[in-house]
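J.: Read off the chains here:
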Amino acid sequence: MNKYMIVTPSVTYALKGRDALRRAGFRADIERRNRQGGGCGYGIVANGDIKKIEQVLNNASVKILSIGDY
Amino acid sequence: MINFDNAATTGRKPQSVKAAVNRALSEYSANPGRGGHKLSLKAGETVYEAREKISGFFGASGGEHVIFTANCTSAINYVLKGYLKPGDHVIVSDLEHNAVMRPLEKTGVQKSIAQTSLTDDEITVGNFEKLIRENTKMIFCTAASNVCGKVLPVKELGALCKKRGIVFGVDAAQAAGILPINVKEDGIDFLCVAPHKGLYAPMGLGILIAETDIGDTLIEGGTGTNSISMYQPENMPERYESGTVNLPAIAGAAAGVDFARGYAERGYLSEMRHLRRLYAELSKLPYIRLYTPAPDDWKYMPVLSFNVLSVPSEKVAAYLDKRGIAVRAGLHCAPAAHIKFKTENTGTVRISPSVFSTAAEFDYLIKILKNNLLKKLVE
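Those protein sequence lines, which keep their order, are chains A and B.
Per my numbering, the first sequence starts with residue 1, numbered consecutively.
Per my numbering, the second sequence starts with residue 1001, numbered consecutively.
Looking at chain A on its own, in the form it has when it is part of the complex (with noise of 0.2 Å):
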């Protein structure tokens, strides 16, 4: 199953998005990231159908910066 790093403006996205994902049944977790990408010190990493976790992530109105391969 193909892992993602979803960067997010802050830690307060990131974890708003982890527990949304983890509630839709997505595995996911937070992580530090390193400073490419403009975005806080944490990420999101998660596992699944990338188009449905970014859906799950919009309608939690999680703002995304970026989705990169973990």
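It should be emphasised that the hints constitute simulated quantities derived from the structure, not laboratory data.
Do not rely on the hints blindly, as some may be mistaken.
Stated by the list, open to error - Restricting the straight-line Cα-Cα distance to at most 27 Å, the calculated cross-link-like pairs of lysine-lysine (DSSO-like) are: (1) B/K1184 to B/K1111; (2) B/K1053 to A/K63; (3) A/K63 to B/K1018; (4) B/K1038 to A/K3; (5) A/K63 to B/K1111.
In this text, all values refer to a predicted model and were calculated from it rather than measured experimentally.
Given the coordinates of chain A, assemble chain B onto it according to the supplied hints.
T.: Then chain B, alone, in the frame of chain A:
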């Protein structure tokens, strides 16, 4: 010491609040949202969970709408100075605290003061409506007076603002945690909270719930986000949270929300029963001046102001202090209310219990106030 000065800050804190503060200080005392280590993440999660809990309690749109500030006054300053622009007009009530009046004075925006009725909320709403002009951008008012306890018709004022396309800000320093407040149902755009009062949390923390974009920032600095940029981030809540937030107080506020959920209504009704008994006893004493009708449930907060004829309120408070009772005297930082009651020269003695106040404590206060008080004060 019997503490009847809980409108200033609730003196006795619940065990659950103290335990939450202690855990934050002893188990994960790290800077939330900054470092990448487990302690920092735990601290960040604690802050996030507090945002979500507070958002749910006040009916906000989500945790990202909950901004932590230094205190309720800071939250009010963020709103008034961030949102209002020169040429704007704002309407406030005649019961406002200086936390509202002084920042408004500094902004230089036009302001009108609506008279509140102590008995008829429709009159109050009508008085606000009459003052609306073409350039009125905001109604900002207290949810309840810190001097006389009058609860303002927040829901009706929120509806008025929505009808007229005006932003609505509420200073809920006295009411939050005690009276039910739901920002969505009440049409509130900005809610300013003092968690160390009705949420029984530690001091040094304010909460601003912003359902509408505040606009400009008052303070800029490190937010733990996009550090390479020299500009504040656009996203709430970090845009308005430069510098390290007060993690122990935030943990305490989250525990305070749980406490309020369990206690708020029962505690409020108990306090009001005590206060009405006090009011009834005081109204029998010819040397006591009262300024409101007998306080009804949900129309008044458990706050009662009185004077002993024209004796300075500070003298009465000192007299009670010597007998083991803590009360607040003076103008309570709300001169507008004292102008309304014509008590600018004496101030008032303010009695404000908490959910922990007992009938026996009120018995003792009543006994002292009935026992030759006037003669003893002028001796």
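J.: May I ask which of the numbered hints given earlier this structure violates, with the numbers listed in increasing order?
T.: 3, 5
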